[in-house]
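Just need the whole structure built from these sequences, with the hints factored in.
So the protein lines, in turn, are chains A and B.
So that you can map any letter, position 18 of the first sequence is 18 in the UniProt record's numbering, and since no number is skipped, the others follow by simple counting.
So that you can map any letter, position 475 of the second sequence is 475 in the UniProt record's numbering, and since no number is skipped, the others follow by simple counting.
Source of the hints: derived by calculation from the structure; they are not laboratory data.
In this text, all values refer to a predicted model and were calculated from it rather than measured experimentally.
All C-beta atoms in this analysis are idealised placements derived from N, C-alpha and C, irrespective of residue type, glycine included.
Be a bit skeptical, because a hint or two may be false.
Claimed, not checked - In the DSSO-like style, the derived pairs of lysine-lysine whose C-alpha atoms are separated by at most 30 Å in a straight line are:
id: 1; chain 1: A; residue 1: 8; chain 2: B; residue 2: 540
id: 2; chain 1: B; residue 1: 426; chain 2: B; residue 2: 59
id: 3; chain 1: B; residue 1: 147; chain 2: B; residue 2: 254
id: 4; chain 1: A; residue 1: 8; chain 2: B; residue 2: 490
id: 5; chain 1: B; residue 1: 426; chain 2: B; residue 2: 227
id: 6; chain 1: B; residue 1: 147; chain 2: B; residue 2: 490
id: 7; chain 1: A; residue 1: 8; chain 2: B; residue 2: 525
id: 8; chain 1: B; residue 1: 58; chain 2: B; residue 2: 336
id: 9; chain 1: B; residue 1: 544; chain 2: B; residue 2: 283
Stated by the list, open to error - Pairwise CB distance ranges, derived in the manner of DEER restraints:
id: 10; chain 1: A; residue 1: 8; chain 2: B; residue 2: 120; range: 33 to 43 Å
id: 11; chain 1: A; residue 1: 27; chain 2: B; residue 2: 142; range: 31 to 41 Å
id: 12; chain 1: A; residue 1: 57; chain 2: B; residue 2: 543; range: 32 to 42 Å
id: 13; chain 1: B; residue 1: 276; chain 2: A; residue 2: 39; range: 31 to 41 Å
id: 14; chain 1: B; residue 1: 122; chain 2: A; residue 2: 56; range: 44 to 54 Å
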Amino acid sequence: MALADAWKQLSWFYYQYVLVTALYMLEPWERTIFNSLLITVAAMAVYTGYVFMPQHIMAILHYFEVVQ
Amino acid sequence: MTQNSTSKIINGDALHRTKQDKKVCGNGFVKNHCLFQQKRNRRPSEKNHHASCTSLYKKPFVESFEETPLLVAVLTYMGYGILTIFGYLRDFLRDWKFEKCHLAREREEQKDFVPLYQDFENFYTRNLYMRIRDNWNRPICSVPGAKMDLVERVTPDYNWTFEHTGNVLKDVINMGSYNYLGFAENTGTCADAASECTVKYGVGVSSTRQEIGNLDKHEELEILVAKFLGVESSMAFGMGFATNSMNIPALTGKGCLILSDELNHASLVLGARLSGSTIRVFKHNNMESLEKLLRDAIVHGQPRTHRPWKKILILVEGIYSMEGSIVRLPEVIALKKKYKAYLYLDEAHSIGALGPRGRGVVDYFGQDPSDVDIMMGTFTKSFGAAGGYIGGKKELIDYLRLHSHSAVYATSMSPPIIQQIITSMKCIMGEDGTTLGQERLRQLSENTTYFRRKLHEMGFIIYGNNDSPVVPLMLYMPAKIGAFGREMLKRNIGTVVVGFPATPIIESRARFCVSAAHTREMLDKALNAISEVGDLLQLKYSRKNRHGSEGADSFSFLESHQD
Chain A
1 MALADAWKQL SWFYYQYVLV TALYMLEPWE RTIFNSLLIT VAAMAVYTGY
51 VFMPQHIMAI LHYFEVVQ
Chain B
1 MTQNSTSKII NGDALHRTKQ DKKVCGNGFV KNHCLFQQKR NRRPSEKNHH
51 ASCTSLYKKP FVESFEETPL LVAVLTYMGY GILTIFGYLR DFLRDWKFEK
101 CHLAREREEQ KDFVPLYQDF ENFYTRNLYM RIRDNWNRPI CSVPGAKMDL
151 VERVTPDYNW TFEHTGNVLK DVINMGSYNY LGFAENTGTC ADAASECTVK
201 YGVGVSSTRQ EIGNLDKHEE LEILVAKFLG VESSMAFGMG FATNSMNIPA
251 LTGKGCLILS DELNHASLVL GARLSGSTIR VFKHNNMESL EKLLRDAIVH
301 GQPRTHRPWK KILILVEGIY SMEGSIVRLP EVIALKKKYK AYLYLDEAHS
351 IGALGPRGRG VVDYFGQDPS DVDIMMGTFT KSFGAAGGYI GGKKELIDYL
401 RLHSHSAVYA TSMSPPIIQQ IITSMKCIMG EDGTTLGQER LRQLSENTTY
451 FRRKLHEMGF IIYGNNDSPV VPLMLYMPAK IGAFGREMLK RNIGTVVVGF
501 PATPIIESRA RFCVSAAHTR EMLDKALNAI SEVGDLLQLK YSRKNRHGSE
551 GADSFSFLES HQD
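Rendered as structure tokens:
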């Protein structure tokens, strides 16, 4: 039951996303291209964050002399 | 040659009119001799127009054009940007033959000539309009009254071609027809009278007015229209668009100045351009802008020679159909009298729909019809027929009978249409002995007030004057244009959505036309559907107080007088 509600909520969000970015007017293969590009860019950002965030945080803390 | 005779006729008339500056309001007159002062510290956040000279208006003039929320504007531009990128991609695929091209193209031999289809209009049509084209040109297979039947269409290839399934969608509530008083019907006195007239006169006239196409029905119609408007004489034409575009060239020419509103209809713009006069545009419904233009024109005269203008003609409309705003007629008339210009009022949407007796914008503001030099209107909207008319002084109309292109070259109006107009006009005037006309007028203004108040309470952004039966509801985002049209059709309501060339690119809207034929149940059904679709598409952008504290006074005043 909770799964059905979550699915409905997700599909409502997807509908809003498709309306706001005007993907609603595009054909399915165009939507696939746009969504894959978007997910690729987002995945790359998350990966970069995962790899480099600890180093960046240590550098900031070192600058503010919180940690030696 | 023609301009001199016109100017002699109209100027001769003008000399008889006494100077009427006494009606000018006091505070504006003292400082600059300007009637309408520029307000220095106007709040830029929203434009809520109240009358600047309240002595000229008998009742409150409330218009609102709420500003676009910033986030919505940014997202709209982003949506158009994405569509443009994909448009370029599709054009590339079509050009390199990866995809079959369904459009008009130049032939192979003409590829080296100047390209025909590369401008923005064609790009927009190919890549944006075609994708949601199923919202327009829907075939209707019944009379477009309060309810209509639509032919169901499916498209196998994304709107390039349509096929009819053979089904008919029955009883779709019609919120898009300009059927303000509900005369678009196939039963009742109007339809019976029109069919009798067809039996007597036939349908085709086969000639122009000047040759042998002048029926006695035309004379009867023109006398009736003149009586309805309160002018000396009038003339009727077969097509409303042609009335404007063919008669303005007969009235003005080179050496005349036309001051036209920013948002005037294409027919007025076309007529003004065809006439060859100088055209200057003033901001929409903005009396300071108009006054500044008038003063500049009179002080500086014609561009190089500085001679005085032969004639200054102000072109305004009664109700602007894309904005739902009503012209500030008392102020325009005061300006016209002060600066001795002529006024051309196009009452296409307002005749029959505004005013306590249905006589249009002039009646609504309680002005004298002889103040407006040329009153033009159409029979298409409130009278359920087709065609246009021009009313004014007898000399003016006699001149137009001889010199208008439409009178000389266009076929005259068809007899059943004339009979429909005569019957409906007599009904509105009350001359057929019933109170049906008064009922319809009252029903229309009740429906308008109810519909606008409910939409405002729901939280949509609605443009225009509180009394105008044209209700534009803002959509903004391009995908929502298509989504709104389709979702409303699923709920059995036919609406008209408007996008780019007719409106500015980010201000796309859905335009509802309230009719006297709509009952309260139909309006409630429509309002529920609009609210549902508004929640589904997140269209409730308005940031004003939901329960209308600003508008509460004028709304409750009107409601208590009507319920």
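Structure-based check of all given hints:
no.	hint	verdict
1	8/A x 540/B	holds, 21 Å
2	426/B x 59/B	holds, 28 Å
3	147/B x 254/B	violated, 48 Å
4	8/A x 490/B	holds, 20 Å
5	426/B x 227/B	holds, 11 Å
6	147/B x 490/B	holds, 15 Å
7	8/A x 525/B	holds, 26 Å
8	58/B x 336/B	holds, 19 Å
9	544/B x 283/B	holds, 25 Å
10	8/A x 120/B: 33 to 43 Å	holds, 40 Å
11	27/A x 142/B: 31 to 41 Å	holds, 33 Å
12	57/A x 543/B: 32 to 42 Å	holds, 40 Å
13	276/B x 39/A: 31 to 41 Å	violated, 59 Å
14	122/B x 56/A: 44 to 54 Å	holds, 50 Å
Checked against the numbered hints above, the structure violates hints 3 and 13; every other hint is satisfied.
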